[in-house]
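Chains as they are written, first to last, in this note's numbering: chain A, 249 to 446; chain B, 249 to 446.
If you're looking for bench data, these hints aren't it; they were derived computationally from the structure.
Worth double-checking, as some hints may not be accurate.
Same chains, same names: a pair is fine if it fits in one copy or spans any two.
[What the hints assert, rightly or not] In the EDC-like style, the derived pairs of lysine to aspartate or glutamate whose C-alpha atoms are separated by at most 16 angstroms in a straight line are:
id, residue 1, residue 2
1, 328, 274
2, 283, 398
3, 409, 373
4, 414, 386
5, 283, 300
6, 306, 293
7, 409, 445
8, 297, 313
9, 337, 256
Given the structure is predicted, the values throughout are model-derived calculations rather than measurements.
Protein chains: 2
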Amino acid sequence: MSYPDLVEQLISQFSQFPGVGRRSAERMVFWLLQKPRENALQLAEGIMKLKDRLRFCKICQNLTENDNCRLCTDPHRDQKILCVVEDHKHLLAIERTGTFKGLYHVLLGAISPSEGRGPQDLLLDKLTQRIKEKGILEVVIATDPDTEGEMTAIHISNVLKAIGVKVSRIGLGIPVGSSVEYADLSTLTMSLASRREI
Amino acid sequence: MSYPDLVEQLISQFSQFPGVGRRSAERMVFWLLQKPRENALQLAEGIMKLKDRLRFCKICQNLTENDNCRLCTDPHRDQKILCVVEDHKHLLAIERTGTFKGLYHVLLGAISPSEGRGPQDLLLDKLTQRIKEKGILEVVIATDPDTEGEMTAIHISNVLKAIGVKVSRIGLGIPVGSSVEYADLSTLTMSLASRREI
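So that you can see chain A by itself, here it is in the shape it has in the complex (with noise of 0.2 angstroms):
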């Protein structure tokens, strides 16, 4: 004897998710079953509309609503430099610094043989037009400093410089309020590599 076929199918359905193991799945299945009907219409519903409403900005690949997102669509910001991230939360992790006021290109994922990603995923022929056209004068490079988005970092810089436009990395090294003491090799060796002038 096992659940019903439904609860075996949502069960299922929920396991697909990263990081929900068939465990979890069970837990919010049952939860949802002890609440009123509302919750579950709500979020059936959200659910429906995030694939139906939200797309990818035909410039820089960031959530919107419409063609282009609000970003790519402010005359106020600097056109003349581009931030490249890996994903979503990364632009946005940026925006909140509060202190880049140019636009970005968002990957949508990095370079992972594990994950079977290549080069050719990225899709950089699009960033490269866009640079072209927009007359762009730099990019920074700010994918994550881990072994996917170092070679990314990489692969990308590469590509770029073949087109002449200036190209840079963000600064990595000990994180602020942090101390040498307790900094790893990896990070102190990348920290010394990355010293400037004073």
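Add chain B to chain A, keeping to what the hints say.
Then chain B, alone, in the frame of chain A:
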């Protein structure tokens, strides 16, 4: 700046699930965004089907698509013995042993002062009424052997003894295949207390 409203709404809806925090909810939403519309539609439909078609059996509170579940309507089961379990997962675990041939009563939760659930929330009137009407001879209490489950077992046992039905508790002790050496103190104490003649 934050995510578009549609994204924020769905993140907060996913965050309501037990064990799902803001970060997991974000990952779930972005996963959905990258999947085909078909996946989202199936998920949304699965959620509504669950709420609209599935209900609790009017007799034992097991899950069912009809008024009464397949166990309660099965004439081959022993109609005179009831097993009381905390929830559907526990019912299923006992069914998998294939050795219990009676019927069930699902409590839908145990007494839990920390979650504000007292003895009155067990809704035992339905259980006592069923025992009297159907002439049940024995009730096996199979709540968990933790604080909440033990409190619940003691309370139910007191209520049921008052109406004159035989009440038993599932055996608590050292798991089969384990060793006296590795059993924790409470388990070993319980194991000694529930010894039986051989």
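Evaluated hints:
1. In this assembly of identical chains, the alpha carbons of residue 328 and residue 274 never lie at most 16 angstroms apart, being 50 angstroms within a copy and 31 angstroms across copies at closest.
2. In this homomeric assembly, residue 283 and residue 398 never come within 16 angstroms of each other (Cα to Cα): the closest approach is 45 angstroms inside a single copy and 26 angstroms across copies.
3. For the identical chains of this complex, residue 409 and residue 373 are intra-copy neighbours only, at 14 angstroms inside a copy versus 77 angstroms across copies, given an alpha-carbon limit of 16 angstroms.
4. Taking the shortest alpha-carbon separations for residue 414 and residue 386, only the intra-copy value of 5 angstroms comes in at or below 16 angstroms, while the best inter-copy value is 82 angstroms.
5. Taking CA atoms no more than 16 angstroms apart as the test, residue 283 paired with residue 300 passes between copies only; the shortest distance there is 12 angstroms, against 26 angstroms inside one copy.
6. Taking the shortest Cα distances, residue 306 and residue 293 never come within 16 angstroms of each other, neither inside one copy (25 angstroms) nor across copies (30 angstroms).
7. Taking the shortest alpha-carbon separations for residue 409 and residue 445, neither the intra-copy value of 25 angstroms nor the inter-copy value of 84 angstroms comes in at or below 16 angstroms.
8. For the identical chains of this complex, residue 297 and residue 313 are intra-copy neighbours only, at 10 angstroms inside a copy versus 28 angstroms across copies, given an alpha-carbon limit of 16 angstroms.
9. Taking CA atoms no more than 16 angstroms apart as the test, residue 337 paired with residue 256 passes between copies only; the shortest distance there is 12 angstroms, against 32 angstroms inside one copy.
Of the numbered hints listed earlier, those contradicted by the structure are 1, 2, 6, 7.
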